[in-house]
Amino acid sequence: MTAFASAPVAAFGLFGDAFNFVFSGREAATGGVQVGGPDAVFDLAVKQVEVTLLALGVAILLALPVGLILGHRGRGEFVAVTAGNAGRAIPELALIALMATAVGVGLFNLVVALAILGIPPILTNTFVGIRQVDRSSVEAAKGMGMSNREIITKVELPLAIPTIMGGVRTASINIIATATIAPLAGVLTLGDLIISRNVYGDAGVLAGAVLVALLALSLELALSGIQWALTSKGLKLQRA
Amino acid sequence: MPDGSRSAENSSSHGADASPVRYQGVTKRYPGADSDAVHDLDLEIPSGEICVLVGPSGCGKTTAMRMVNRTVEMTSGDILIGDRSVKDGDAAILRREIGYVIQQIGLFPHRTIGQNIATVPKLLNWDKNRTDDRVTKLLDLTGLDPEFADRYPSQLSGGQQQRVGVARALAVDPPVMLMDEPFGAIDPISRGRLQNEFLRLQADIKKTILFVTHDVDEAIKMGDRIAVMKKGGEVAQFATPTELLMEPADDFVEDFVGADRALKRLALMRVRDVDLWNAPSTQAGRRSDDVLNELKTSEVPYAVLVDGENRPLGWLSTRDLDAETVPVHPDSTGVPMIDADTTLRDGLAQLLAGGSLYGTVVDGRGRLTGVLSVEIISDFLASKEAAEVAIPAVDRPHDD
Amino acid sequence: MIDFVQIAAVDPDFFKDRSGGGCIQDNNLFCPGWVVDNYDRYVDPTLQHLVLVLSAVGIGFAIAFSLAILAHRRRWLASPFLAATGVLYTIPSISFFFLLLPLTGRGTTTAIIALTAFTLQIIFRNVLTGLRNVPVEVTEAARGIGYTPKQMLWRVEIPLAMPEIVAGLRIATVSTVALATLAVFANGGGLGGEIISGSNLTFKTGIIVAGSIAVVMAILFDALILLLGRLLTPWKRAAAL
Numbered sequence: 001m002t003a004f005a006s007a008p009v010a011a012f013g014l015f016g017d018a019f020n021f022v023f024s025g026r027e028a029a030t031g032g033v034q035v036g037g038p039d040a041v042f043d044l045a046v047k048q049v050e051v052t053l054l055a056l057g058v059a060i061l062l063a064l065p066v067g068l069i070l071g072h073r074g075r076g077e078f079v080a081v082t083a084g085n086a087g088r089a090i091p092e093l094a095l096i097a098l099m100a101t102a103v104g105v106g107l108f109n110l111v112v113a114l115a116i117l118g119i120p121p122i123l124t125n126t127f128v129g130i131r132q133v134d135r136s137s138v139e140a141a142k143g144m145g146m147s148n149r150e151i152i153t154k155v156e157l158p159l160a161i162p163t164i165m166g167g168v169r170t171a172s173i174n175i176i177a178t179a180t181i182a183p184l185a186g187v188l189t190l191g192d193l194i195i196s197r198n199v200y201g202d203a204g205v206l207a208g209a210v211l212v213a214l215l216a217l218s219l220e221l222a223l224s225g226i227q228w229a230l231t232s233k234g235l236k237l238q239r240a
Numbered sequence: 241m242p243d244g245s246r247s248a249e250n251s252s253s254h255g256a257d258a259s260p261v262r263y264q265g266v267t268k269r270y271p272g273a274d275s276d277a278v279h280d281l282d283l284e285i286p287s288g289e290i291c292v293l294v295g296p297s298g299c300g301k302t303t304a305m306r307m308v309n310r311t312v313e314m315t316s317g318d319i320l321i322g323d324r325s326v327k328d329g330d331a332a333i334l335r336r337e338i339g340y341v342i343q344q345i346g347l348f349p350h351r352t353i354g355q356n357i358a359t360v361p362k363l364l365n366w367d368k369n370r371t372d373d374r375v376t377k378l379l380d381l382t383g384l385d386p387e388f389a390d391r392y393p394s395q396l397s398g399g400q401q402q403r404v405g406v407a408r409a410l411a412v413d414p415p416v417m418l419m420d421e422p423f424g425a426i427d428p429i430s431r432g433r434l435q436n437e438f439l440r441l442q443a444d445i446k447k448t449i450l451f452v453t454h455d456v457d458e459a460i461k462m463g464d465r466i467a468v469m470k471k472g473g474e475v476a477q478f479a480t481p482t483e484l485l486m487e488p489a490d491d492f493v494e495d496f497v498g499a500d501r502a503l504k505r506l507a508l509m510r511v512r513d514v515d516l517w518n519a520p521s522t523q524a525g526r527r528s529d530d531v532l533n534e535l536k537t538s539e540v541p542y543a544v545l546v547d548g549e550n551r552p553l554g555w556l557s558t559r560d561l562d563a564e565t566v567p568v569h570p571d572s573t574g575v576p577m578i579d580a581d582t583t584l585r586d587g588l589a590q591l592l593a594g595g596s597l598y599g600t601v602v603d604g605r606g607r608l609t610g611v612l613s614v615e616i617i618s619d620f621l622a623s624k625e626a627a628e629v630a631i632p633a634v635d636r637p638h639d640d
Numbered sequence: 641m642i643d644f645v646q647i648a649a650v651d652p653d654f655f656k657d658r659s660g661g662g663c664i665q666d667n668n669l670f671c672p673g674w675v676v677d678n679y680d681r682y683v684d685p686t687l688q689h690l691v692l693v694l695s696a697v698g699i700g701f702a703i704a705f706s707l708a709i710l711a712h713r714r715r716w717l718a719s720p721f722l723a724a725t726g727v728l729y730t731i732p733s734i735s736f737f738f739l740l741l742p743l744t745g746r747g748t749t750t751a752i753i754a755l756t757a758f759t760l761q762i763i764f765r766n767v768l769t770g771l772r773n774v775p776v777e778v779t780e781a782a783r784g785i786g787y788t789p790k791q792m793l794w795r796v797e798i799p800l801a802m803p804e805i806v807a808g809l810r811i812a813t814v815s816t817v818a819l820a821t822l823a824v825f826a827n828g829g830g831l832g833g834e835i836i837s838g839s840n841l842t843f844k845t846g847i848i849v850a851g852s853i854a855v856v857m858a859i860l861f862d863a864l865i866l867l868l869g870r871l872l873t874p875w876k877r878a879a880a881l
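Protein chains in written order, with the numbering used here: chain A, 1 to 240; chain B, 241 to 640; chain C, 641 to 881.
There's no promise every hint is true.
[Unchecked claim] The following label-pair restraints were derived from C-beta to C-beta distances:
hint	chain 1	residue 1	chain 2	residue 2	range
1	A	Arg-149	C	Ser-706	44 to 54 Å
2	A	Ser-136	B	Gly-595	50 to 60 Å
3	A	Pro-65	C	Lys-876	26 to 36 Å
4	B	Thr-315	A	Leu-237	28 to 38 Å
5	B	Asp-330	C	Val-683	56 to 66 Å
6	C	Lys-876	B	Asp-257	16 to 26 Å
7	B	Glu-387	A	Gly-143	44 to 54 Å
8	C	Lys-876	A	Gly-16	54 to 64 Å
9	B	Glu-387	C	Leu-867	23 to 33 Å
10	B	Asp-330	A	Pro-65	54 to 64 Å
11	B	Asp-330	C	Lys-876	32 to 42 Å
12	C	Leu-866	A	Val-79	17 to 27 Å
13	A	Gly-143	B	Asp-571	34 to 44 Å
14	C	Arg-681	A	Lys-236	49 to 59 Å
Please keep in mind that the hints were generated in silico from the structure rather than gathered at the bench. Beta carbons are placed, not taken as given, at the ideal position from N, Cα and C, and that holds for glycine.
This is chain A alone, in the form it adopts within the complex (with noise of 0.2 Å):
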């Protein structure tokens, strides 16, 4: 701790530990055992895109359907919105400590945890942006006689990409950031290195916070890509 008193001078040199401590390993705090090290954390990294990637699916496949549906009736207004805003309100911490103690640890429960946190804002952010929909585009659609399953993947699906990925990417920010917590539910993501404080140290700690950190911007990108190249162009032109 008192190490940290003489930032930011000293600050360079904690942030060279932790380079050392991802590439090269070193003595746990506890004493004997060698942690850290590439292959070690890269298991863990590892980890913590599965459980997120696992658990930002089954919220889009839950979610994405029941607001596409919801938004193409233009019913559940109410469920919609008030999903979002609830989701919002769920203290991560305290949802995973109880899936934990409650109902029990390993990797299933804890991806219908985060599922739980991903579902709120996909559902609305599917919901409002199929309701958002140019109705006349839907008329026109409707005129030329395309079924409903036509109208919503052909016209509102497409048209309401930009929204609906909103939804996913925070949703996606959501879990990951959740993710990092789930060594308390038994399931270790870089998570621990931050949480174990006591078996990796301050290095490992500060190694965990800035792949944790990485890693979620990385997504963000990705996710961002995808959006792009899911949009169809008449939508980016018009925004241009």
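Got chain A sorted already, so can you dock chains B and C onto it with the hints?
Relative to the frame of chain A, chains B and C by itself:
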């Protein structure tokens, strides 16, 4: 004639009735453009007159108008209000002395009607009593219910909002008003009514008004003088409506005014200025036989059912008068009801829109004054009178 | 590894002299007796939580609001501001706490900085959207009538942007209440401490009580700001009539 003879001693200070506006070699070139939007414009608008700037889109009419309140800054030249250059002093201060009405109205949706009208008085730190009195007066002047003061713009119709826009522009009794397509977003029927109302108001307040429109018919109806502008920001002709219709200066003006110039002359004449026909009018419950007798000698083959205030309710055919007494409900309620202050052109349009040969003509209070027929109009067009200049072209409606 | 079935009493004094009987020993889902006997232990964490949320949202609002006004005046600033606040929003708070470790150490300040960073994007986006959505005819009329740019901003643009501003404030506040439970990792106090400490994350009733206080706090803030928004936008209600 409008009272355009008010002397120039009216300075541009507040409360002045009106001030003349002079463009002196005004040029505007937008950054990056390769030609002038307005080129070397000289115009002199006498105080108390409506000068309409009209022309195709891109002719620089709006730019020309907006340089007066410096919402567009001129590149060179000068504009004088009274004897003061608009370039003197701060633009925001200048704008408070110039009424401004735009097509989209631009009322502040978060302020009540009263607060909207009181905007400029508040900017000028008028005390509360004076402001309140002024708001009440303006609501009355523009024909709005005083209780509107506490409502919000979204609770008013488009026409009512436009009246508020005019009231807001008149709040500190500015000597000059700028109106940028003020009735452009209003439906055609209400537009005609608002135009008539505004002319009645102008007959009373006699402001110097710059009025921009792309609609020649509106220009002819509203303008004491019309400046027809063409691409490149130059004035093709600056003349009274009559001169414009009778002697277009060049091919561009002739083309712009339209091939139907003869028809447009109808816009120089108002319904009350022609000899209207008479139809028997009657109230419900009267004896049908009396009405039928009158119909025999009438110019119009129908009778007009009116209420106790002599306001027309609809037409009655001879078949409707089968019963002993006049029925309560007329045959057709959809009579074109024509304001006596309407131009003959608009009157004809209303007849055609109603698919009717006859329309009842009413005064400002809605009382029956006669019947306009398609035949009256065709007779007028064929008459020598229509071809001559000596018609009351710029006669404004009376203040009734 | 933590044993999640039994209460791992890290703090041996945690349950001392507190009644609750068998319910607590068996670690049932919810023990009302615990709440009755121990409500006082939640007062300080709740107040700390309030301080965290109010500081973060307050500072975040001041910064994001100023940035949005700047970006409204100079449009080219909007993209860099969005990108910068976007990065701060994306970095998980728990990671942020420890990135600050070398600079500010552990404690309330660190927690508030990280939470503030999180709120910026939400508020910035909403304020800017609100300002940009002000109808152009309204600003044109305001200019033509003789408002100075400053008068226009404060008397026309900001009042008309109020619905979006309030919406952003609601989202930011509710999210921050939930997120502030993590401040315990930065030694920043708050309700998170009651979820984790004492029982080392195994005491169900404790988790439920602390979690519920956070949820109720979020709902109250949401309602309060909603009400404030209504008071600030009387014309919206009139329009709905």
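Against the structure, the hints:
One distance hint, 44 to 54 Å for the beta-carbon pair A:Arg-149 and C:Ser-706, holds here, with the actual separation near 48 Å. Between A:Ser-136 and B:Gly-595 the CB atoms are about 31 Å apart, so this pair departs from the stated range of 50 to 60 Å. Distance hint for A:Pro-65 and C:Lys-876: a CB-CB separation of about 34 Å, consistent with the stated range 26 to 36 Å. At about 34 Å, the CB distance of B:Thr-315 to A:Leu-237 agrees with the hint of 28 to 38 Å.
The hinted range of 56 to 66 Å is satisfied by B:Asp-330 and C:Val-683, whose Cβ atoms lie roughly 57 Å apart. With their beta carbons about 40 Å apart, C:Lys-876 and B:Asp-257 fall outside the hinted range of 16 to 26 Å. Range check, B:Glu-387 to A:Gly-143: Cβ separation about 45 Å, and the 44 to 54 Å hint holds. Separated by about 56 Å at the C-beta atoms, C:Lys-876 and A:Gly-16 satisfy the suggested range of 54 to 64 Å.
For B:Glu-387 and C:Leu-867, the hinted distance range of 23 to 33 Å is satisfied, since their beta carbons lie about 29 Å from each other. Here the CB-CB span from B:Asp-330 to A:Pro-65 is close to 60 Å, well matched to the stated 54 to 64 Å. About 34 Å separates the C-beta atoms of B:Asp-330 and C:Lys-876, a value consistent with the hinted range of 32 to 42 Å. Separated by about 19 Å at the C-beta atoms, C:Leu-866 and A:Val-79 satisfy the suggested range of 17 to 27 Å.
Between A:Gly-143 and B:Asp-571 the beta carbons are some 40 Å apart, a value that agrees with the proposed interval 34 to 44 Å. Look at C:Arg-681 against A:Lys-236: about 55 Å separates their beta carbons, and that is inside 49 to 59 Å.
Consistency note: the structure conflicts with the earlier hints numbered 2, 6.
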